[in-house]
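Visitor: Using the UniProt record's numbering, read the sequence shown as starting at 1 and increasing by one per residue.
Read the hints as simulated data drawn from the structure, not as lab findings. Each hint should be verified, as a subset may be incorrect.
To be verified - Here are the simulated lysine-lysine pairs, PhoX-like style, with alpha carbons at most 25 Å apart:
#1 Lys-115 x Lys-73
#2 Lys-57 x Lys-115
#3 Lys-27 x Lys-115
#4 Lys-57 x Lys-73
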Amino acid sequence: MTENILKKYSETVDCPVRNVLDRFGDKWSTLVILILGDTGTLRFNELHRLMETVSEKMLTVTLKKLDADGLVKRTLYPQVPPRVEYELTERGRSLLPLLQGLVDWANENMPEIQKSREQYQAA
Numbered sequence: 001m002t003e004n005i006l007k008k009y010s011e012t013v014d015c016p017v018r019n020v021l022d023r024f025g026d027k028w029s030t031l032v033i034l035i036l037g038d039t040g041t042l043r044f045n046e047l048h049r050l051m052e053t054v055s056e057k058m059l060t061v062t063l064k065k066l067d068a069d070g071l072v073k074r075t076l077y078p079q080v081p082p083r084v085e086y087e088l089t090e091r092g093r094s095l096l097p098l099l100q101g102l103v104d105w106a107n108e109n110m111p112e113i114q115k116s117r118e119q120y121q122a123a
């Protein structure tokens, strides 16, 4: 049985689960997807205002990674000044129920998790 688990959840770079968790384990990707899922298409500055504490550079890096993964679509309109809009792709939208489940679980369990952390630190 252990061999099957090791095969299924390999620690190699090619492991799909680790690869996906790597993307959503960063500070901003999940939030970008949730915001775009809630609001639809946004321009960079609109998204930046909604995220408040993220730097422009970090938001740019995050959006490029999500675009490269095919989760976010970047549309550049040839006008002056340039207009760029971001929206979720179908693949990105398919993540919304999973991420919402994670958000719900975190909101429900965070008080007890925090209590456990405090007890652990006190011991």
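Visitor: Now look at each hint and say whether the structure bears it out.
Guide: Structure-based check of all given hints:
The straight-line distance between the Cα atoms of Lys-115 and Lys-73 is roughly 40 Å, outside the 25 Å bound, and the hint therefore fails. Between Lys-57 and Lys-115 the CA atoms are separated by roughly 35 Å; this puts the pair beyond 25 Å, and the hint is violated. Using a Cα cut-off of 25 Å, the hinted pair Lys-27 and Lys-115 holds, with the two alpha carbons roughly 23 Å apart. Between Lys-57 and Lys-73 the alpha-carbon distance is near 18 Å, which keeps this suggested pair within the 25 Å criterion.
Checked against the numbered hints given earlier, the structure breaks hints 1 and 2 and satisfies all the rest.
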